[in-house]
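Asker: Okay, here's what each chain looks like letter by letter:
2 protein chains.
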Amino acid sequence: MKPVKVGICGLGTVGGGTFNVLTRNAAEIARRAGRGIEVAQIAARRINPKCDTGDIPITADVLEVACNPEIDIVVELIGGYTLARDLVLQAIDNGKHVVTANKALIAVHGNEIFAKARERGVIVAFEASVAGGIPIIKAIREGLAGNQINWLAGIINGTGNFILTEMREKGRTFEDVLKEAQELGYAEVDPTFDVEGIDAAHKLTILASIAFGIPLQFDKAYTEGISRLTTADVNYAEALGYRIKHLGVARSTAAGIELRVHPTLIPADRLIANVNGVMNAVMVNGDAVGSTLYYGAGAGMEPTASAVVADLVDVARALTTDPNNRVPHLAFQPDSLSAHPILPIGACESAYYLRIQAKDHPGVLAQVATILSERGINIESIMQKEVEEHDGLVPVILVTHRVVEQRIDDAIAALESLDDVVGKVVRIRVEQLA
Amino acid sequence: MKPVKVGICGLGTVGGGTFNVLTRNAAEIARRAGRGIEVAQIAARRINPKCDTGDIPITADVLEVACNPEIDIVVELIGGYTLARDLVLQAIDNGKHVVTANKALIAVHGNEIFAKARERGVIVAFEASVAGGIPIIKAIREGLAGNQINWLAGIINGTGNFILTEMREKGRTFEDVLKEAQELGYAEVDPTFDVEGIDAAHKLTILASIAFGIPLQFDKAYTEGISRLTTADVNYAEALGYRIKHLGVARSTAAGIELRVHPTLIPADRLIANVNGVMNAVMVNGDAVGSTLYYGAGAGMEPTASAVVADLVDVARALTTDPNNRVPHLAFQPDSLSAHPILPIGACESAYYLRIQAKDHPGVLAQVATILSERGINIESIMQKEVEEHDGLVPVILVTHRVVEQRIDDAIAALESLDDVVGKVVRIRVEQLA
Chain C
1 MKPVKVGICG LGTVGGGTFN VLTRNAAEIA RRAGRGIEVA QIAARRINPK CDTGDIPITA
61 DVLEVACNPE IDIVVELIGG YTLARDLVLQ AIDNGKHVVT ANKALIAVHG NEIFAKARER
121 GVIVAFEASV AGGIPIIKAI REGLAGNQIN WLAGIINGTG NFILTEMREK GRTFEDVLKE
181 AQELGYAEVD PTFDVEGIDA AHKLTILASI AFGIPLQFDK AYTEGISRLT TADVNYAEAL
241 GYRIKHLGVA RSTAAGIELR VHPTLIPADR LIANVNGVMN AVMVNGDAVG STLYYGAGAG
301 MEPTASAVVA DLVDVARALT TDPNNRVPHL AFQPDSLSAH PILPIGACES AYYLRIQAKD
361 HPGVLAQVAT ILSERGINIE SIMQKEVEEH DGLVPVILVT HRVVEQRIDD AIAALESLDD
421 VVGKVVRIRV EQLA
Chain R
1 MKPVKVGICG LGTVGGGTFN VLTRNAAEIA RRAGRGIEVA QIAARRINPK CDTGDIPITA
61 DVLEVACNPE IDIVVELIGG YTLARDLVLQ AIDNGKHVVT ANKALIAVHG NEIFAKARER
121 GVIVAFEASV AGGIPIIKAI REGLAGNQIN WLAGIINGTG NFILTEMREK GRTFEDVLKE
181 AQELGYAEVD PTFDVEGIDA AHKLTILASI AFGIPLQFDK AYTEGISRLT TADVNYAEAL
241 GYRIKHLGVA RSTAAGIELR VHPTLIPADR LIANVNGVMN AVMVNGDAVG STLYYGAGAG
301 MEPTASAVVA DLVDVARALT TDPNNRVPHL AFQPDSLSAH PILPIGACES AYYLRIQAKD
361 HPGVLAQVAT ILSERGINIE SIMQKEVEEH DGLVPVILVT HRVVEQRIDD AIAALESLDD
421 VVGKVVRIRV EQLA
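Quick note, the sequences are listed as chains C and R, same order.
Take the first sequence: its letters are residues 1 to 434, numbered as in UniProt numbering.
Take the second sequence: its letters are residues 1 to 434, numbered as in UniProt numbering.
Hints were generated in silico from the structure; no laboratory data involved.
Heads up, some of the hints might be wrong.
Where chains are identical, the list cannot tell them apart; a pair therefore holds if satisfied intra-copy or between any two copies.
[Said to hold, decoys possible] Only pairs whose alpha carbons sit at most 25 Å apart, straight line, appear in this in silico SDA-like list of lysine to any residue:
id, residue 1, residue 2
1, Lys2, Thr320
2, Lys359, Ile412
3, Lys116, Met1
4, Lys50, Asp287
5, Lys359, Gln432
6, Lys220, Glu175
7, Lys116, Ser336
8, Lys2, Glu28
9, Lys359, Ile371
10, Lys220, Ser373
11, Lys170, Asn274
12, Lys2, Asp335
The whole structure should be built from the sequences, with the hints applied where relevant.
Answerer: Written out as C-alpha cells, the structure is:
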C-alpha cells in the first residue's frame, strides 16, 4: 500500500516529538501499519532545533496544510481554541482526517467537530488529548466496550501531581513547589489551568463522554484546585491512612452523572494513591471487568507523541473502512447518546474529611457530633490533636461516611456558626475507589 | 446494520460469563457497536446454572457451531489444545471469524492458526487470552504502535500472585497457601500450570510476539515456578527493600530476545510490586512512551468475558474492512516478522539475589566476595544475619549488579564448592523496572 501523507501543524514540544518518533521509528511503524506514514508538510512559526526536518516543506500558515491536496491526515498540535478550531474544521471540510492532542478544543468544541466529521465521513482522533502516552481513550472506547462503566477516577494533570507529591514527601508548601515546577518547566507561568483543575476538567469531560455515552459538557464540570491545600491537611490525611491526590472523578448514578475535579483523600494502600511525581493514572470500573488501572507519563515530548502516532496508525487502517462501521468518536453511536444529566456538585455523593479549628473548651466535640448526627452524617473516624501553641486552638479532624454534598454544606454552615469554632471548616472529599 | 450472530463454544466460567455479559449489556453494546451482537447457538456438554439461555439452540457438538451457516463469529471457550484447535481451524475454513480466550492454544498453535486465518481473510481475536479483563493486547498492538518496545514485565498469573501475597503478608508457607487456593477454586487440583509458570509462559509468549514482532515461540521460553520459594527469602527480600513477584519478563537486546518467567525481586516502591492478591498487571516500556502499566483482574467469569465481548465488538466493526488493512494478528505484518532469536537463559542479563548458608567461620565473607569479584560480579548490597540456632549456620544474603546469567551460574558453582558453604545457594533474579 502507498504511504499515508501527514501534515504536522505545530512543531513545539508535541509536534517536535511526533516528528522525531515518526522519523526514528519509521521502519517499525511501517512493519506494523503495513504502509509508511510520511510527513509531507509542516506548519510552524519557528523551527524546532530538536528536529531535523531535512527537505520537508515548511509553511508558517497552518491553514495551508488543511488545503494541501497531497495530505491525507492533518495533525493539529498548535493548541488553543481559536485557530486550532478553524484548522480542524477546514481540514474536515476538505475531507481530511484529523489527529489532535488538544484537550481544550475537544472538551469545548468536540460536539461541533465530531458532527462535522461524521457528515464528511472522516475521523478525528484524540488519544493524545488525555493522559499523554497512556492509551486510555482506546482502553475505554474499545477495550472495555462490553461493560457498563460505573465510574472512573484519574490523576490526569502531571503538574498538580508533582506538587502534591513534593508537599507530602518533603513537607514543602504549595507555593514553594509551584515555583520550582515553573522553573523546571512543568508548570506554566500562569499556572491556573493546571493547579485550579481546568486542564484536568477538560480531560475528565472527554473521559466521561466516552465512558457513559453522553455529549461533551465541559461547562457542567465542577472544578476545584489544589492551591488552598496546606501541609497540615496533607499530614493529617497521612495520619488517617490516606493520601491526597488531585482527582478527576466521573460516576454514573441513577440521578445523573457526577463530573468533578477536586483534591481527594484516597486510602494509602490503593495503587493510584502511589502514583507520584508527574505521572498520570486512570482507574476505570466497569460492571463486568471490575476495577482496572492505566498508568504512564501524562505529558512530555515523546510520551504524547506516542499517542499521536498510534492515532495515525489507527487512521491509516481506517482509511479502508466503512465510515458507518468505525469506532464512534465518543465511543457510542451519535444517535444513541444519553441525555442523562450532569449533577450539580451539591447533588454529588462522597465521603468527607473535615478539619475544624476549635477553642479548647469542654463540649466542643459533643456539639460537632450533634450537628453531624442531626443531619444523618455518620462519622467514620475522628482525631483530635493537641492544642496548637501559637493560637490555642484544637484541630478536630474527622472523616464521614458517604453522604450527599448538600448535607455537608449545611453541616459546615452550622459548625462555622458555633461560638467555639474559629474560621472556616476545611473540607476535602474522600473516595475509597474500592 | 443487522445483528452479528455469535456461536459460543463452552459454557463454563468464561463462556457463562460471556453469555451473561452479552445478555445483560445488550443495549449498551449495541449503542457502542451500532448493531446487536446475538448469541445464535451454544455448544456445551452441560447447562451452566448461572445462565438463562432461554430458547437459544444448544448442541453438545462444538464442531456444529463451526459449520452453522447462520453464525458470523465462533467464540472458542472450551480450553485445551486438541479439540479447541480443530474447532478454530474448522471455523476459519468455513470463513468464520474467531474469538478465543485460550492462551495455550495461541501460544502453541498460534502461528498455524493465524496463517490459516490470513489465507481465508478472517480474524482470530484473543484479547482474553492474556491478563483477563485488562485490554493489554490492544494496548500493545494498537495503543503503543508508534514505539519500539524495549521490554515488558507482568504479573500474569493470579493464582501465583495470590500465593506470594499471602506468604508475604501473613508469613504463611507456599504449601499452606496453595492448599487454601485450591479450596477457594483459585488453583486447579493439579496446580502445575499455575505455580510452575507454564500458564504465565503461554501469556508471555503472546505478549512478546506482539511487542517485538516475532513468531510465537513458546518452546523457547524459560520457565521457573514459585514452588521452591521459602518465607525466609520473602522476608530477606523485604528487609532489603524488595518484594518477590512471579514475573514474566520479555526484553529486546542487541543479542536477541529474553523470554523468561521466574520469581523476581522488585523494589518495594514500584507500582507493580504493590499489585496483590489475584490481580494482574503488565508494565510495558517503549522508546517514546517510557514505562506504562496496565492493571486489573486477570481471570474470573466476567472480567475475562469483558475481553471476549470487546473482541466481538472489534470483529463486528472489522467485518466491513479490507482484510489487508486490519490490525495484524501479531501486531506486525506477517511478512515482516523478525528472526531475532530468543536467548537461552544463560545469555540473559539480570541482577541476582543470592542466599548462601555459611558456616560461622572467619573469612567466609572474604571468600564469597573474591569469587564474585573474580568473575566481574559487583555487589549492590549485602546482609549477614546472625547464626541460626538450629543448624549453627549464617545466612549471607546479597544482591548483585546486572550480569549475564552464565557468570552467576559459574559463581554459584564455585560458592557451592567452598568448604564453608553448606547446601545449595538460593538464587532469585532481581529487576529494577525503572
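Asker: Hint by hint, note whether the structure agrees.
Answerer: Verification of the supplied hints:
| no. | hint | in the structure |
| --- | --- | --- |
| 1 | Lys2 x Thr320 | both (13 Å within a copy, 21 Å between copies) |
| 2 | Lys359 x Ile412 | within (16 Å within a copy, 67 Å between copies) |
| 3 | Lys116 x Met1 | between (28 Å within a copy, 22 Å between copies) |
| 4 | Lys50 x Asp287 | between (46 Å within a copy, 17 Å between copies) |
| 5 | Lys359 x Gln432 | neither (31 Å within a copy, 51 Å between copies) |
| 6 | Lys220 x Glu175 | neither (29 Å within a copy, 55 Å between copies) |
| 7 | Lys116 x Ser336 | within (17 Å within a copy, 38 Å between copies) |
| 8 | Lys2 x Glu28 | within (16 Å within a copy, 38 Å between copies) |
| 9 | Lys359 x Ile371 | within (17 Å within a copy, 68 Å between copies) |
| 10 | Lys220 x Ser373 | neither (31 Å within a copy, 65 Å between copies) |
| 11 | Lys170 x Asn274 | both (15 Å within a copy, 22 Å between copies) |
| 12 | Lys2 x Asp335 | between (35 Å within a copy, 16 Å between copies) |
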